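In order, the protein sequence lines correspond to chains X and E. In terms of this note's numbering, the first sequence opens at residue 1 and continues consecutively. In terms of this note's numbering, the second sequence opens at residue 308 and continues consecutively.
Please keep in mind that the hints were generated in silico from the structure rather than gathered at the bench. Mixed in with the good hints, there may be bad ones.
[What the hints assert, rightly or not] Sample of chain X residues facing chain E (criterion: CB under 10 Å; computed from the structure):
{"#": "1", "residue": "P44"}
{"#": "2", "residue": "A48"}
{"#": "3", "residue": "A104"}
{"#": "4", "residue": "S158"}
[To be verified] Selected chain X positions facing chain E (in silico; Cβ < 10 Å):
{"#": "5", "residue": "A34"}
{"#": "6", "residue": "Y36"}
{"#": "7", "residue": "D108"}
{"#": "8", "residue": "R112"}
{"#": "9", "residue": "A136"}
{"#": "10", "residue": "Y181"}
Being a predicted model, the structure only gives us computed values, none of them experimental. Think of the CB as a built atom: it goes at the ideal place given N, C-alpha and C, for glycine as much as any other residue.
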Amino acid sequence: MTVASTAAADRPAGAGASKPRRRVAGWLGFAPFAAYTLVFMAIPTLLAIWSGLTTEDGSFTLANFAAFTDQSVLKAFLNSVLLSAAVAVAAAIIGAVLCVALLAAKPDGLLRVIVDAASSVLAQFGGVMLAFAFIATMGSAGVLTLWLRDTFGFDLNSLAPDPTAGPLLYQVAGLFFPYLYFSIPLMVIVFMPAVEGLRPQWGEAVATLGGSRLRYWRHVAFPVLAPSFFGATILLFASAFSSFATAAALTNAGILIPVVMQQDLGSETVSGIAHIPGVLAIGMVVIMGLVMWAYSALQRRAARWQR
Amino acid sequence: MSRGSRPARVGATPGKTLSTVILVIAGLAFAYPLYALGAFAFQPVGQHSGFTLDHLAALGDPVRGYQYRQLWEGIQNSVVIALVTVALMLVFLLPAMILAELRYRRLRQLIEFVCLLPISIPTVVLAVGFVPVYQQVWKITGSVAWILAFAIGIIVLPYAFRPIQANISGLDVVTLSEASRSLGAGWFRTVWSVILPNLRRGMLSAALLTVSVVLGEYTIASFLQQNTFQTGLALLQHADPYVASTFALAALIFVFLILALIGAAGSLGRNRKAPR
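Could you build all of it, start to finish, from the sequences and the hints given here?
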């Protein structure tokens, strides 16, 4: 407001006044969006990081990083990274195969509409609800658990790495399955455009030159798809790493880092502990930063092929 | 691998048989947990098979009403939050995108960057930061749930941005506005009766995606200890897992239908353009 009025006051004379005023008014059009993202995106992110770097009275400290010497915190970080990496690699491979299989379907056909919609639901909106589905599938009285037991006499929960920690599904190893369930659809969403970008002419060119389909895959398709594939894998890692809802709905113990953060936040009445989620957030941001840096480097390589 | 009259396959497209087999297996594998969820939702208590509607009947039972009160309240909150979030997108995001397209084209990349940023900031990190922000906000407003819309609006940004952006880049906004201006319309009239009607499809997709995100949102509500649909479901899971599963399945199907609708509308549009 004050900016607009001073700009108008600078040029009191005649027609000249309207132009700068309109220019300022134009910039003011961005003000709501800028203010909103500043208050609800920039400030919370900075506050989260800042709370990890300050003491109770608000002065700067690095002492909170001592949280990373806590065995349970380290274990949760390790669990998160290992689970996300395993899920990312497995989902990337399975998802890529599905993308290639989907090439046989009509691009605008019903099947693609269904697959796209289902992928988005499972990849992005499921969270808690997918946890319920897996309790009904792999929980101690789940459909799959009972079927394996009755048909093959096989106890699914005997696969659990830690037999004292309850059913497989509620352990890190068991979370692999629901995580796979929302990561494969994400791979299909992210990787499908790259697969569709393979031009039919390239296949024809290889065939004209007498190359087999194996050669086509080895020398054309795979090198072209590789950067997008690795980029998508990294994105899957990031998505699994920061996923909270499924793990929170399935586990009570803080076995993954987002769950640990929420539990520490819940017990902030204990003096000083409110800064622990902040310092864990820094840990997450650092890991995500590394991952995103790798992603953008790969995307730049991928862009060379997608002209 | 059929020989005969069909030409040899080249390129990446797999054989019909192989791809059908792969897709059917994948379809079954993905449907199985949802089938399990549905089967469980209608099972008689304590049994592992059978079908009953008793659990749904319990929803209307006044004696057990207290169990479901939180879920109903959560659903109401989520609906209000969804409406407010859609309004926020229309008030904050849309004008900025149109303005950037019309007059400050260099800013388009910045807006895109800001809108896609929430993908790379983990929601839990944002949620940790929202706690002190909301402590201040709630001092002014009291602990009401609909204000969560401001926080959830941030994680909605990428989903709202993409369809609007796709719609805008399919239009020639500058030519449209020049035409409108040369016919004597002012900026306001140009935007209101020329640009906005052309953006209806993008706005509709953005609004529907926003509703989907809000209905599925759990992290922020859980960190800020507010009652929404998802937190209500998570709580009800302990008291009455059958009804919780019914609602979960219904919500998944509802969001699926919304997205299928958007997808079908999109590909119909493409088909219509194709013959020209």
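Hints, verified against the model:
1. P44: 3 Å, holds
2. A48: 4 Å, holds
3. A104: 4 Å, holds
4. S158: Status violated, d = 19 Å.
5. A34: For X:A34, the interface hint holds, since the closest Cβ of chain E sits about 8 Å away, which is under 10 Å.
6. Y36: 5 Å, holds
7. D108: With a minimum Cβ separation of about 4 Å from chain E (threshold 10 Å), the hint on X:D108 holds.
8. R112: Given a least distance of 7 Å, the restraint on X:R112 holds.
9. A136: 4 Å, holds
10. Y181: With Cβ-Cβ at 7 Å, under 10 Å, it holds.
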